[in-house]
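Enquirer: Next come the chains, spelled out residue by residue.
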Amino acid sequence: MAKKIPAAKTRGKHTWKDTKVGCVLLEEGKAKPFEPGEKPLLVPLWDKEMCVRCGLCYLFCPDAAIKRSDDGYYEATLDYCKGCGICHQECWFGAISMMEEA
Amino acid sequence: MDKFALYVPQLLPFKEHFLPEAHRACMGCGIALGVRQTYKALEEKNEWMEGAHWEVPFKQPLPGSLIKGTKEVGEETRPALLQIEKDGQAHLLICFDNEAVTAKPTPAVFKKAFPAAAVARGFHYVATACPSYPFDLIDKVRRGMESEGNSYIHILSPCPVGWDFESEFTVQIGRFAVESAIFPLYEVVTGSPRLTIDHPKIRPVEQYIHLQNRFNHFKKKEILAIQAEVDSHYTKLQEGKL
Numbered sequence: 060m061a062k063k064i065p066a067a068k069t070r071g072k073h074t075w076k077d078t079k080v081g082c083v084l085l086e087e088g089k090a091k092p093f094e095p096g097e098k099p100l101l102v103p104l105w106d107k108e109m110c111v112r113c114g115l116c117y118l119f120c121p122d123a124a125i126k127r128s129d130d131g132y133y134e135a136t137l138d139y140c141k142g143c144g145i146c147h148q149e150c151w152f153g154a155i156s157m158m159e160e161a
Numbered sequence: 038m039d040k041f042a043l044y045v046p047q048l049l050p051f052k053e054h055f056l057p058e059a060h061r062a063c064m065g066c067g068i069a070l071g072v073r074q075t076y077k078a079l080e081e082k083n084e085w086m087e088g089a090h091w092e093v094p095f096k097q098p099l100p101g102s103l104i105k106g107t108k109e110v111g112e113e114t115r116p117a118l119l120q121i122e123k124d125g126q127a128h129l130l131i132c133f134d135n136e137a138v139t140a141k142p143t144p145a146v147f148k149k150a151f152p153a154a155a156v157a158r159g160f161h162y163v164a165t166a167c168p169s170y171p172f173d174l175i176d177k178v179r180r181g182m183e184s185e186g187n188s189y190i191h192i193l194s195p196c197p198v199g200w201d202f203e204s205e206f207t208v209q210i211g212r213f214a215v216e217s218a219i220f221p222l223y224e225v226v227t228g229s230p231r232l233t234i235d236h237p238k239i240r241p242v243e244q245y246i247h248l249q250n251r252f253n254h255f256k257k258k259e260i261l262a263i264q265a266e267v268d269s270h271y272t273k274l275q276e277g278k279l
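As they're listed, the protein sequences go chains A and B.
If you're matching positions, the first sequence starts at 60 in our numbering and goes up one per residue.
If you're matching positions, the second sequence starts at 38 in our numbering and goes up one per residue.
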């Protein structure tokens, strides 16, 4: 089993003096307190007339950004979407287009 | 009931355990996709999730061109390994293989030695899977957890950074790898392999190789040699030999 490194007790008091050479991260879960990612360039948009609600986009999203809304259609949470375009490529019905965010 | 509820992806649990804020994968990461589908297979039973830990945690593999000039050139690249404890002493070992190499890739990257080695070591259930075939992958993970004794699953996960292709083709490239028989999907239960996905018409290897820029230095002779090797391996698998 891999060695478990204890989480930092002094999170928040961390200054540049404490960073290791090469800015190596030695602790786990460093990304958790932050909002994930900057906003992507292109964002998936669903055309509700062509969408048949099959859920393939939801299944192939690596970041778990696509969620099912109450009416059965799918939507992307833009906080998590990185704009990779897999959903656009994999949609059988061409219902998803990658657009610049308005 | 809504007639649209009949599509198969909607039969899977909608709850996420592989949270997007917990990882720092690049966009279109094949490993993140594979891990998410694996967790989807496991999340039915909570005891399974508790016993999961990373033997070798997954990190972003650097392609040869990026590493040049740093100290990491000589470093061996190891694929990520996820180990899940079953009841008793047995465990399920899942390898997320992104074919990371520090130098220029050679035809040797297509050879997968791990599944055969696992069979030789006496693992009870050995399988290969790809996130482009999600239900196949989920089935195999569940079967690996339910079988007695140790089991091993080898998952091919395309890497847009290391393999040098556009991030939207991650799933398509995995599908091409299976359709061109470079990475056949099979499972070994009682010593002899059984192909779980057997395409009637196999693609030429050339199509798979030309989708990625990491093989730009391959010449026609090399591609023909790869084709011959892949064909012989695939006919062996069809006959039930590993």
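Everything labelled a hint here was simulated from the structure, so no lab data went into it.
Backbone N, C-alpha and C fix where the C-beta goes; we use that ideal spot for every residue, glycine too.
Be careful, since some hints might not be right.
As the list claims (entries may be wrong) - Some chain A residues close to chain B (C-beta under 8 Å, calculated; not the full set):
| no. | residue |
| --- | --- |
| 1 | Ala123 |
| 2 | Ser128 |
| 3 | Glu134 |
| 4 | Leu137 |
| 5 | Lys141 |
| 6 | Gly142 |
| 7 | Gly144 |
| 8 | Trp151 |
| 9 | Phe152 |
| 10 | Ser156 |
Said to hold, decoys possible - Here are the computed distance ranges between Cβ atoms for each label pair:
| no. | chain 1 | residue 1 | chain 2 | residue 2 | range |
| --- | --- | --- | --- | --- | --- |
| 11 | B | Val93 | A | Leu137 | 31 to 37 Å |
| 12 | B | Pro241 | A | Asp129 | 16 to 22 Å |
| 13 | A | Val102 | B | Thr227 | 20 to 26 Å |
| 14 | B | Val146 | A | Glu160 | 24 to 30 Å |
| 15 | B | Lys278 | A | Ser128 | 34 to 40 Å |
| 16 | B | Leu56 | A | Gly153 | 37 to 43 Å |
| 17 | B | Thr143 | A | Ser128 | 44 to 50 Å |
| 18 | A | Leu137 | B | Asn253 | 23 to 29 Å |
| 19 | B | Leu56 | A | Val111 | 42 to 48 Å |
| 20 | B | Ala127 | A | Met109 | 33 to 39 Å |
Enquirer: When the nearest CB of chain B is found for Phe152 (chain A), is that gap smaller than 8 Å?
Expert: Violated: closest Cβ of chain B sits about 12 Å from Phe152 (chain A), beyond 8 Å.
Enquirer: Could one say that the CB atoms of Leu56 (chain B) and Gly153 (chain A) fall in the range 37 to 43 Å?
Expert: violated, 30 Å
Enquirer: Okay, Ala127 (chain B) versus Met109 (chain A) on CB: inside 33 to 39 Å?
Expert: violated, 47 Å
Enquirer: At a threshold of 8 Å, is the proposed contact between Ser128 (chain A) and chain B supported by beta-carbon distances?
Expert: violated, 11 Å
Enquirer: Hey, does the Gly142 (chain A) contact hint survive, CB to chain B under 8 Å?
Expert: holds, 6 Å
Enquirer: Using Cβ atoms only, decide whether Leu137 (chain A) comes closer than 8 Å to chain B, and label the hint accordingly.
Expert: Since chain B brings no Cβ nearer than about 12 Å to Leu137 (chain A), farther than 8 Å, the hint is violated.
Enquirer: Go ahead and decide if the range 23 to 29 Å is satisfied by the Cβ distance of Leu137 (chain A) to Asn253 (chain B).
Expert: Violated, since Leu137 (chain A) and Asn253 (chain B) (Cβ atoms, about 35 Å apart) do not stay within the stated range.
Enquirer: Mind checking the hinted window 42 to 48 Å against the Cβ distance between Leu56 (chain B) and Val111 (chain A)?
Expert: Distance hint for Leu56 (chain B), Val111 (chain A) is violated at roughly 28 Å.
Enquirer: Lying within 16 to 22 Å: is that true of the beta-carbon distance Pro241 (chain B) to Asp129 (chain A)?
Expert: About 46 Å separates the Cβ atoms of Pro241 (chain B) and Asp129 (chain A), which means 16 to 22 Å is violated.
Enquirer: A closest beta-carbon separation below 8 Å is what the hint needs, so does Gly144 (chain A) meet it against chain B?
Expert: holds, 3 Å
Enquirer: Does 31 to 37 Å hold as the CB distance between Val93 (chain B) and Leu137 (chain A), or does it fail?
Expert: holds, 32 Å
Enquirer: Please test the hint of 44 to 50 Å on the beta carbon pair from Thr143 (chain B) and Ser128 (chain A).
Expert: holds, 48 Å
When held up to the earlier numbered hints, the structure conflicts with 2, 3, 4, 8, 9, 10, 12, 13, 14, 15, 16, 18, 19 and 20 and fits the remainder.
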